[in-house]
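Following the hints, complete the assembly by docking chain B onto the known chain A.
Protein chains: 2
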Amino acid sequence: MNWLDEQIARISAPDETAREGARLRLDNLTKPRGSLGQLEPLLIRLAAATGAICPTLERSAVLLAAADHGVAAEGVSAYPQVVTGQMVLNFLQGGAAINALAKTAGAQIVIIDAGVKSELPPHPQLRQLQIRAGSGNIAREAAMSPAEGLQLIKAGVDSVDILWKSGLDLLALGEMGIANTTAAAALTSAYTGAGVEQTVGRGTGIDDITLFHKRGVVVMALERARRAAQGPLALLCELGGLEIAFLVGAILGATARRVPVLLDGYITTSAALAAYELAPAVQPYLFASHRSAEPGHHLALAQLGLTVEQGAGPLLQLDLRLGEGSGAALAIPLLKSATAVLREMATFTEAGVSE
Amino acid sequence: MNWLDEQIARISAPDETAREGARLRLDNLTKPRGSLGQLEPLLIRLAAATGAICPTLERSAVLLAAADHGVAAEGVSAYPQVVTGQMVLNFLQGGAAINALAKTAGAQIVIIDAGVKSELPPHPQLRQLQIRAGSGNIAREAAMSPAEGLQLIKAGVDSVDILWKSGLDLLALGEMGIANTTAAAALTSAYTGAGVEQTVGRGTGIDDITLFHKRGVVVMALERARRAAQGPLALLCELGGLEIAFLVGAILGATARRVPVLLDGYITTSAALAAYELAPAVQPYLFASHRSAEPGHHLALAQLGLTVEQGAGPLLQLDLRLGEGSGAALAIPLLKSATAVLREMATFTEAGVSE
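If you read the protein sequences in the order shown, they are chains A and B. The opening residue of the first sequence carries number 1 in my numbering; numbering runs sequentially from there. The opening residue of the second sequence carries number 1001 in my numbering; numbering runs sequentially from there.
Just so you know, these hints were derived from the structure itself, not from any lab. Built from N, CA and C at the ideal position, the CB exists for glycine as well. Hints may be right or wrong, so weigh each one.
For the chain B half of the interface with chain A, some residues (derived, Cβ under 8 Å), not all of them [to be verified]:
1. 1041
2. 1083
3. 1099
4. 1103
5. 1104
6. 1106
7. 1110
8. 1226
9. 1229
10. 1337
11. 1346
12. 1352
13. 1354
Beta-carbon label-pair distances, calculated as ranges [claimed, not checked]:
14. B:1311 - A:311: 24 to 34 Å
15. A:212 - B:1205: 42 to 52 Å
16. A:198 - B:1355: 26 to 36 Å
17. B:1348 - A:295: 24 to 34 Å
18. B:1348 - A:108: 46 to 56 Å
19. A:212 - B:1311: 25 to 35 Å
20. A:147 - B:1305: 52 to 62 Å
21. B:1205 - A:10: 41 to 51 Å
22. A:56 - B:1118: 28 to 38 Å
23. A:310 - B:1051: 42 to 52 Å
24. B:1205 - A:352: 17 to 27 Å
25. B:1311 - A:108: 48 to 58 Å
For reference, chain A alone in the conformation it holds in the complex (with noise of 0.2 Å):
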């Protein structure tokens, strides 16, 4: 057994006695039975993930990996690849969005430098992985070697590890890197089977012009990888960004520990992807916090059976498009609140009202 099966073999099935027992729980507390809406199969998802009926979520984290996308040279993003680093340093300073929401969330966040190319300077909330520096343009050449590929899901299993072990009940993941909504299309157009149509949007707000120009980008990047590779692994390392190559194994490693694991938009959902492509156990702790403005989106989160009618839709539907585990953060209060009311509601019995 190699180094990454034996990561997957880690990862257990849901627990069904606490699955059972917060069903129970839910139906004998003070309120119409199903009053919570798509709140209760939440909690019991939530408590078949972590083995307890009543769990915890104090100690979250957002782990945030930043890396530069090869492909940005093909001109499909509205932003210069620069951008990247600024904004990893608007992070380390506290003035970007996730900073404010992580705050008010009550969550520590991580930054990982998976492969930016501007320089960064050293900087205690920033782990930088050196592994290399921007991937590889996707339309011409892949995006990582195999070996590369490997050395980043390992690494994003040791930082979910770093963190465990000073206490993690929950794991927000968050992406920064110019161009990789054109990553993410990719690897869900290969990992799904769906056209480019339905996998490439507008990013972070490109033109109808540089739309179509994306479109043909991932349909070069697709016909290459699927000509060069075979299997979610290859695909991965032809197709993914460093960032998201990092985020896979922060899964494998959250799930392998029962820590549920809370997806932001389109980028880190198709981390998700390649990981259920990897190691289809990771489900049952996935959990999807919003539903972006990006339409490819919405198709990940259905075939990693994360929408409503799959009885686990995302929790906010309010067109973000923003990515940096933005909307990952927005939901962490949701979560908290949820898990509160089956913590601390009384029973009809004990609170002696007719049920």
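For chain B alone, kept in the frame of chain A given last:
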């Protein structure tokens, strides 16, 4: 000018300077323009309502009004009438969903006995109005007299003023009253003109036969009220619950103080419809926390201009049907998170990020 007209005249127009200031600031923060989706028009409306470009919502309260409904005698609810008082005791003991949710949101709860039939003990968190115990059965008689309606509205204004004097940035509304979705449906039909097929739903969970019966009861109430009443206040007294009349006053009081009002589900939104009919100036101060499972709720929100298309959509769509202010309390952290973004994020210039 009578007392009510004077109160209504205290509601100011929204602050257009603050609105424009928030809009400009949002466009200069280090994020792609519009990338916060529906949170951006929300923040712009909050600025206009409060008069602050970067509002703070630190001091929030859930005003939870309970009352009994004579129409419960028609068998329109899945629960017996005695549950209203039992649930108020549960609120006072801290065992209900709203207790857990308000605590997580950092909001205080003020409970109003606006006309519960069962005897309730004095309690520091409970204000007992003693205007009337239970409304009339609206299928056969007026819910309350015009004098009682005005007293309840006045009590709502007074309750908000008490809160406001010790500091209030955000008012969330909640309610409890067995059979009160029947009153909400009647008011929504009366104020929007929509038929009972659109406004009468399953409340806390009635079966098909009871649903048809409930529609018949609302038709009876509407026909009776149309003969008896003219004008929005008279309709409220004919059809509205005692807690609904109180909440109308709370809305008039809060909006006169420029305090944003966070609606909960169908019943609080029917109170907002009544307030809006009395005083259209309340609209800029109203915020929809969620869209509930009740079919008429969306209709009522649309009449109030509180849909996504109208730039003021509900923050959550989780199929909640609990009431108590539960959806409003769930949304408080979202509002706080959004305002933190507006207040704490850096601009492109401050952060040195390319625009």
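How the hints compare with the structure:
1. 1041: Nearest chain A Cβ about 10 Å off; hint violated.
2. 1083: Given a least distance of 5 Å, the restraint on residue 1083 (chain B) holds.
3. 1099: At about 7 Å, which falls below the 8 Å cut-off, the nearest Cβ of chain A leaves the hint on residue 1099 (chain B) intact, so it holds.
4. 1103: Check passed: Cβ of residue 1103 (chain B) comes within 7 Å of chain A, closer than 8 Å.
5. 1104: Cβ of residue 1104 (chain B) sits 4 Å from chain A, so the hint holds.
6. 1106: violated, 10 Å
7. 1110: Not OK, violated: residue 1110 (chain B) not within 8 Å of chain A, min 19 Å.
8. 1226: Because about 32 Å separates residue 1226 (chain B) from the closest Cβ in chain A, which is outside the 8 Å limit, the hint is violated.
9. 1229: violated, 32 Å
10. 1337: holds, 4 Å
11. 1346: holds, 3 Å
12. 1352: holds, 6 Å
13. 1354: Nearest chain A Cβ about 5 Å off; hint holds.
14. B:1311 - A:311: 24 to 34 Å: holds, 31 Å
15. A:212 - B:1205: 42 to 52 Å: holds, 50 Å
16. A:198 - B:1355: 26 to 36 Å: About 31 Å separates the Cβ atoms of residue 198 (chain A) and residue 1355 (chain B), which means 26 to 36 Å holds.
17. B:1348 - A:295: 24 to 34 Å: For residue 295 (chain A) against residue 1348 (chain B), whose Cβ atoms are near 28 Å apart, the range 24 to 34 Å holds.
18. B:1348 - A:108: 46 to 56 Å: Since the Cβ atoms of residue 1348 (chain B) and residue 108 (chain A) sit about 26 Å apart, the hinted range of 46 to 56 Å is violated.
19. A:212 - B:1311: 25 to 35 Å: holds, 29 Å
20. A:147 - B:1305: 52 to 62 Å: holds, 57 Å
21. B:1205 - A:10: 41 to 51 Å: holds, 42 Å
22. A:56 - B:1118: 28 to 38 Å: For residue 56 (chain A) and residue 1118 (chain B) the Cβ distance comes to about 35 Å; the hint holds.
23. A:310 - B:1051: 42 to 52 Å: Hint holds: Cβ distance 44 Å, inside 42 to 52 Å.
24. B:1205 - A:352: 17 to 27 Å: Holds - the Cβ-Cβ distance for residue 1205 (chain B) and residue 352 (chain A), about 21 Å, lies within 17 to 27 Å.
25. B:1311 - A:108: 48 to 58 Å: violated, 34 Å
Checked against the numbered hints listed earlier, the structure breaks hints 1, 6, 7, 8, 9, 18 and 25; every other hint is satisfied.
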